[in-house]
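Number of protein chains: 2
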Amino acid sequence: MANTRLLPSADNAYQYPLLIKQLLLSGPRYNPDQKIVYADRSEYTYRDLVDRIHRLAHALTDAGVKPGDTVAVLDWDTPRYLECFFAIPMIGAILHTVNVRLAPEQIVYTMNHAEDDLVIVHDDFAPLIEKVSGDLETVTGYIQVTDSEQAVSTGLKNVKGEYEQLLSQSDNCFDFPDFDENSIATTFYTTGTTGNPKGVFFSHRQLVLHTMTAAATMGCSDEMPLLRSSSVYMPVTPMFHVHAWGVPYAATMMGIKQVYPGRYEPELLVDLLKTHKVTFSHCVPTIMQMMLATESIKTADLSNWHVLIGGSALTEGLCKAGAKLGIRMYTGYGMSETAPLLAATYLKPEDLELPLEQQTDKRIKTGIAVPMVDLRIIDGNGESLPHDGKAQGEVVARSPWLTQGYLKNPEKSEELWDGGWLHTGDVASIEPDNTLVIRDRIKDVIKTGGEWLSSLDLENLISQHPAVAAAAVVGVPDEKWGERPHAVVVLQQGQTATLEDIQTHLQQFVDRGDINKWAIPSAVDFTEDIPKTSVGKVNKKLIRDQIQQ
Amino acid sequence: MANTRLLPSADNAYQYPLLIKQLLLSGPRYNPDQKIVYADRSEYTYRDLVDRIHRLAHALTDAGVKPGDTVAVLDWDTPRYLECFFAIPMIGAILHTVNVRLAPEQIVYTMNHAEDDLVIVHDDFAPLIEKVSGDLETVTGYIQVTDSEQAVSTGLKNVKGEYEQLLSQSDNCFDFPDFDENSIATTFYTTGTTGNPKGVFFSHRQLVLHTMTAAATMGCSDEMPLLRSSSVYMPVTPMFHVHAWGVPYAATMMGIKQVYPGRYEPELLVDLLKTHKVTFSHCVPTIMQMMLATESIKTADLSNWHVLIGGSALTEGLCKAGAKLGIRMYTGYGMSETAPLLAATYLKPEDLELPLEQQTDKRIKTGIAVPMVDLRIIDGNGESLPHDGKAQGEVVARSPWLTQGYLKNPEKSEELWDGGWLHTGDVASIEPDNTLVIRDRIKDVIKTGGEWLSSLDLENLISQHPAVAAAAVVGVPDEKWGERPHAVVVLQQGQTATLEDIQTHLQQFVDRGDINKWAIPSAVDFTEDIPKTSVGKVNKKLIRDQIQQ
Numbered sequence: 001m002a003n004t005r006l007l008p009s010a011d012n013a014y015q016y017p018l019l020i021k022q023l024l025l026s027g028p029r030y031n032p033d034q035k036i037v038y039a040d041r042s043e044y045t046y047r048d049l050v051d052r053i054h055r056l057a058h059a060l061t062d063a064g065v066k067p068g069d070t071v072a073v074l075d076w077d078t079p080r081y082l083e084c085f086f087a088i089p090m091i092g093a094i095l096h097t098v099n100v101r102l103a104p105e106q107i108v109y110t111m112n113h114a115e116d117d118l119v120i121v122h123d124d125f126a127p128l129i130e131k132v133s134g135d136l137e138t139v140t141g142y143i144q145v146t147d148s149e150q151a152v153s154t155g156l157k158n159v160k161g162e163y164e165q166l167l168s169q170s171d172n173c174f175d176f177p178d179f180d181e182n183s184i185a186t187t188f189y190t191t192g193t194t195g196n197p198k199g200v201f202f203s204h205r206q207l208v209l210h211t212m213t214a215a216a217t218m219g220c221s222d223e224m225p226l227l228r229s230s231s232v233y234m235p236v237t238p239m240f241h242v243h244a245w246g247v248p249y250a251a252t253m254m255g256i257k258q259v260y261p262g263r264y265e266p267e268l269l270v271d272l273l274k275t276h277k278v279t280f281s282h283c284v285p286t287i288m289q290m291m292l293a294t295e296s297i298k299t300a301d302l303s304n305w306h307v308l309i310g311g312s313a314l315t316e317g318l319c320k321a322g323a324k325l326g327i328r329m330y331t332g333y334g335m336s337e338t339a340p341l342l343a344a345t346y347l348k349p350e351d352l353e354l355p356l357e358q359q360t361d362k363r364i365k366t367g368i369a370v371p372m373v374d375l376r377i378i379d380g381n382g383e384s385l386p387h388d389g390k391a392q393g394e395v396v397a398r399s400p401w402l403t404q405g406y407l408k409n410p411e412k413s414e415e416l417w418d419g420g421w422l423h424t425g426d427v428a429s430i431e432p433d434n435t436l437v438i439r440d441r442i443k444d445v446i447k448t449g450g451e452w453l454s455s456l457d458l459e460n461l462i463s464q465h466p467a468v469a470a471a472a473v474v475g476v477p478d479e480k481w482g483e484r485p486h487a488v489v490v491l492q493q494g495q496t497a498t499l500e501d502i503q504t505h506l507q508q509f510v511d512r513g514d515i516n517k518w519a520i521p522s523a524v525d526f527t528e529d530i531p532k533t534s535v536g537k538v539n540k541k542l543i544r545d546q547i548q549q
Numbered sequence: 001m002a003n004t005r006l007l008p009s010a011d012n013a014y015q016y017p018l019l020i021k022q023l024l025l026s027g028p029r030y031n032p033d034q035k036i037v038y039a040d041r042s043e044y045t046y047r048d049l050v051d052r053i054h055r056l057a058h059a060l061t062d063a064g065v066k067p068g069d070t071v072a073v074l075d076w077d078t079p080r081y082l083e084c085f086f087a088i089p090m091i092g093a094i095l096h097t098v099n100v101r102l103a104p105e106q107i108v109y110t111m112n113h114a115e116d117d118l119v120i121v122h123d124d125f126a127p128l129i130e131k132v133s134g135d136l137e138t139v140t141g142y143i144q145v146t147d148s149e150q151a152v153s154t155g156l157k158n159v160k161g162e163y164e165q166l167l168s169q170s171d172n173c174f175d176f177p178d179f180d181e182n183s184i185a186t187t188f189y190t191t192g193t194t195g196n197p198k199g200v201f202f203s204h205r206q207l208v209l210h211t212m213t214a215a216a217t218m219g220c221s222d223e224m225p226l227l228r229s230s231s232v233y234m235p236v237t238p239m240f241h242v243h244a245w246g247v248p249y250a251a252t253m254m255g256i257k258q259v260y261p262g263r264y265e266p267e268l269l270v271d272l273l274k275t276h277k278v279t280f281s282h283c284v285p286t287i288m289q290m291m292l293a294t295e296s297i298k299t300a301d302l303s304n305w306h307v308l309i310g311g312s313a314l315t316e317g318l319c320k321a322g323a324k325l326g327i328r329m330y331t332g333y334g335m336s337e338t339a340p341l342l343a344a345t346y347l348k349p350e351d352l353e354l355p356l357e358q359q360t361d362k363r364i365k366t367g368i369a370v371p372m373v374d375l376r377i378i379d380g381n382g383e384s385l386p387h388d389g390k391a392q393g394e395v396v397a398r399s400p401w402l403t404q405g406y407l408k409n410p411e412k413s414e415e416l417w418d419g420g421w422l423h424t425g426d427v428a429s430i431e432p433d434n435t436l437v438i439r440d441r442i443k444d445v446i447k448t449g450g451e452w453l454s455s456l457d458l459e460n461l462i463s464q465h466p467a468v469a470a471a472a473v474v475g476v477p478d479e480k481w482g483e484r485p486h487a488v489v490v491l492q493q494g495q496t497a498t499l500e501d502i503q504t505h506l507q508q509f510v511d512r513g514d515i516n517k518w519a520i521p522s523a524v525d526f527t528e529d530i531p532k533t534s535v536g537k538v539n540k541k542l543i544r545d546q547i548q549q
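Chains as they are written, first to last, in our numbering: chain G, 1 to 549; chain C, 1 to 549.
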């Protein structure tokens with residue numbers, strides 16, 4: 001460690017620790033009368049938000065929550081959830097945003113693993129929690145949440161009261177303490193195809209730094225007015241998932257109008273877009289497709305709607321379909337482990353000179369790493385690879401807001417941080433202009449002939465054969481090559497094709513220099529169906545298992 | 001301290017300390033070919049900037065600079081200075097930005113007090129340094145800087161070489177180390193009307209946080225495209241003064257075009273505005289007035305030039321004169337001790353609906369405190385005062401980027417941080433919409449009849465009397481009232497007025513409720529001239545001394 005000269009007082013250096021309560025200073029100061037809307041139900045001002053956060057802090061404390069305790073929330077995307085984003089960490093407790101889409105037994109697993117003390121639960125999820133409450137090992141009480149006039153009666157024991165009632169009974173002035181900025185503020189669980197969900201966790205310092213960078217980045221392109229005084233924000237990725245990508249914190253810090261949709265019903269979402277002239281959302285491709293398929297979107301003016309797409313790749317088709325309606329889509333890249341922001345589309349003035357529909361190329365790439373993120377692609381030996389658009393390697397990152405590991409799972413934490421860099425498990429190339437292009441998941445990449453071959457690239461090429469409806473490619477062990485690609489192909493109805501047809505088809509791409517000759521699969525299985533996981537992704541693990549049986 | 005749950009690994013929490021080197025990650029990644037311009041002399045790209053920072057680090061190390069050492073810079077505002085902003089702190093050393101406008105003996109004082117080891121000095125300042133070099137107690141060497149083909153010969157001893165030559169001889173790959181984020185990165189001296197200059201200092205962590213907030217804030221208004229991909233930045237406050245308000249760091253982080261003017265010659269500045277279509281500058285009122293007075297500004301299209309005004313108040317007259325040319329001015333508020341950003345003009349969409357010339361009211365107020373800044377006005381007992389636009393109190397602040405104190409001056413440091421808040425020495429009111437309005441310096445405010453009376457407000461009212469050319473008001477001790485206002489007035493040529501005339505004139509403002517009756521001075525001295533300090537400010541200390549003799 002270099003022998004630098006330190007600030008004279010080490011205590012003093014932390015006299016202003018980075019805490020989530022500071023994110024609440026500026027928004028209400030900029031725009032005290034700015035609105036926060038709950039779908040077509042109700043709305044209130046930033047002034048009210050502050051008032052309610054103070055009341056919630058009292059209600060939580062009165063319910064016995066102490067610093068270091070964990071409070072679980074099961075709710076739709078509402079202003080109430082935003083209040084929990086602030087009040088729970090601000091009293092020194094940990095917010096566990098429960099993934100309500102998990103199977104009941106997985107919900108129980110995560111709530112026991114996170115050692116939840118108090119549970120804030122919406123009526124709609126109460127029956128589920130009632131059923132499993134006997135299995136919740138650490139929970140000592142519940143706060144009910146309702147969208148009806150009155151909370152429904154419940155079989156839960158130790159109910160501390162109904163959320164709105166508790167708030168109305170509480171004092172609106174809480175003295176939020178200072179504490180160590182490395183205190184854990186939030187936790188939630190990632191879901192893989194195998195094994196139990198793994199818990200990630202973020203400190204106050206990490207969330208403050210993520211928020212500041214998000215705010216700096218989300219306004220940096222000329223046409224990207226994501227967080228400016230006239231912006232209107234509506235999240236369309238759930239608040240339980242990576243704090244709705246951290247944007248509610250940034251939106252609140254900047255004092256912009258926020259619209260919370262509650263449930264994700266496509267017609268309702270489109271109505272809210274129209275009514276509130278929403279300018280900024282974030283979304284996964286599936287939900288965007290559902291919104292584009294509604295009848296009512298045809299009569300909406302969406303020429304000022306900017307949407308950050310993440311979760312899975314933004315395809316050219318979706319981007320163009322949106323552009324036809326005037327929707328400006330951008331790609332965001334990150335994951336639960338990274339809070340999540342790592343990279344996003346960066347448009348230069350010259351990119352914007354093209355008509356919107358011709359900007360697709362730039363918008364569907366993964367983008368450029370944002371400020372404060374050190375991002376590399378590395379080969380199997382941990383060596384950095386060049387930015388030539390060709391070399392493919394695993395994406396690794398360092399930045400001030402990455403999870404330290406998985407909760408109570410030192411083994412997986414060590415894997416995640418192998419060599420002092422967070423391993424994303426994604427394989428990418430980086431173009432000479434520093435644009436990141438994600439090619440595959442590392443566990444699906446095919447290591448053949450000393451090179452990495454993207455299974456996704458190969459699937460795309462095979463799919464271009466006129467007889468092919470769908471294709472999946474996996475690597476199978478091979479003594480000479482390390483691995484060899486093995487394809488599973490579903491043919492178009494009434495079409496036929498042979499192994500040789502597929503190989504001949506691929507040979508043209510070898511001739512053009514797009515792929516190497518060892519990328520041509522030596523085996524193709526023609527099947528009726530490609531196996532999928534419960535969330536609709538191709539189940540490559542199962543395909544590999546079936547081939548190797 | 002609340003008993004929160006901390007991140008499991010304390011070391012790990014700092015595995016990514018906030019360091020200035022991280023500010024250099026994103027700009028060159030966004031725009032490697034973006035230009036950095038040195039007046040009408042030369043230009044290079046962000047790629048070159050990175051290359052040169054690596055070379056400079058080697059040159060400094062070769063010249064014997066170690067982590068913890070201090071490197072002084074005396075240069076004009078140039079890309080070289082920007083290189084020093086990065087390379088010196090990035091090797092763990094401290095950058096001392098020497099105020100070249102100080103008297104030679106004060107320059108010597110600051111260089112000895114900061115314990116400068118190496119000095120980077122431009123030809124233009126070399127004669128000065130040569131004269132005093134015998135008095136520099138800690139300096140062990142010099143690097144010469146020149147804008148000519150060759151460095152001028154010098155009488156300085158231990159010259160390590162000429163800047164460009166050293167860079168060209170050095171390797172362009174330096175392995176910048178990680179170290180504690182609380183390491184001091186920069187230092188410089190404030191100048192008061194009395195006593196020696198006082199040194200403030202900032203850590204890597206503080207400058208990173210200041211930069212992130214500046215970047216988030218400077219794009220948040222719809223019409224304030226200060227740091228976006230198409231922005232062009234030219235500083236017009238010196239780089240030795242609070243790192244040119246910290247903007248070069250933010251501009252570099254965002255990868256925007258930068259134009260460094262060298263010397264501040266009004267015609268040159270206007271030429272650069274025109275040539276490079278500058279969109280963003282910061283400036284003190286005096287320099288802006290000089291630029292507005294040039295002939296060439298009349299033919300410039302300045303409708304996209306946005307200027308943050310600080311240092312002293314933006315007057316209505318100057319703001320309107322600028323607006324006539326299409327210039328958009330904003331007020332920034334801060335000081336050397338605060339890195340400097342505390343507050344800035346915040347425009348809402350409805351403010352922008354008015355024609356530019358009618359937006360003056362909003363633009364000349366001090367603005368709203370920026371994110372992460374906790375700012376209050378307090379009375380003499382340290383109690384917070386209401387935001388009613390009337391109550392006046394001292395502005396105190398907390399934020400993650402305030403100097404911990406004055407270098408080697410514990411007494412003044414304690415005064416600065418009395419009660420755990422940084423005392424700005426400014427008196428202000430805060431309007432119900434949270435807009436800060438600076439009224440006076442606390443040492444000039446008149447404490448009379450239990451209230452605080454702004455000497456500036458009173459001077460403005462007296463100046464509205466038709467016979468008055470200029471007025472200054474100070475408080476003089478009074479047994480009954482605590483203090484009473486005492487005015488010094490210069491009359492317009494050929495005009496006369498008496499104490500009673502002035503008092504009658506002020507009575508109308510008492511009748512209207514603008515001021516209290518005890519604000520009317522009981523004494524007025526009519527003089528030829530109002531004493532000024534060396535930097536052109538009214539010398540109230542001298543006026544008080546003269547009255548009390």
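To be clear, the hints were calculated from the coordinates, so they are not data collected in a lab. Fair warning: there could be bad hints in the mix.
Since the list can't tell identical chains apart, any single copy or any two copies may satisfy a pair.
[Unchecked claim] Listed below are the simulated DSS-like cross-link pairs for lysine-lysine, each with C-alpha atoms no more than 25 Å apart in a straight line: (1) K443 <-> K480; (2) K324 <-> K274; (3) K362 <-> K35; (4) K541 <-> K66; (5) K532 <-> K298; (6) K348 <-> K35; (7) K408 <-> K21.
_Numbered hints the structure breaks, given as an ascending list_ = Numbers 4, 5, 7, in rising order.
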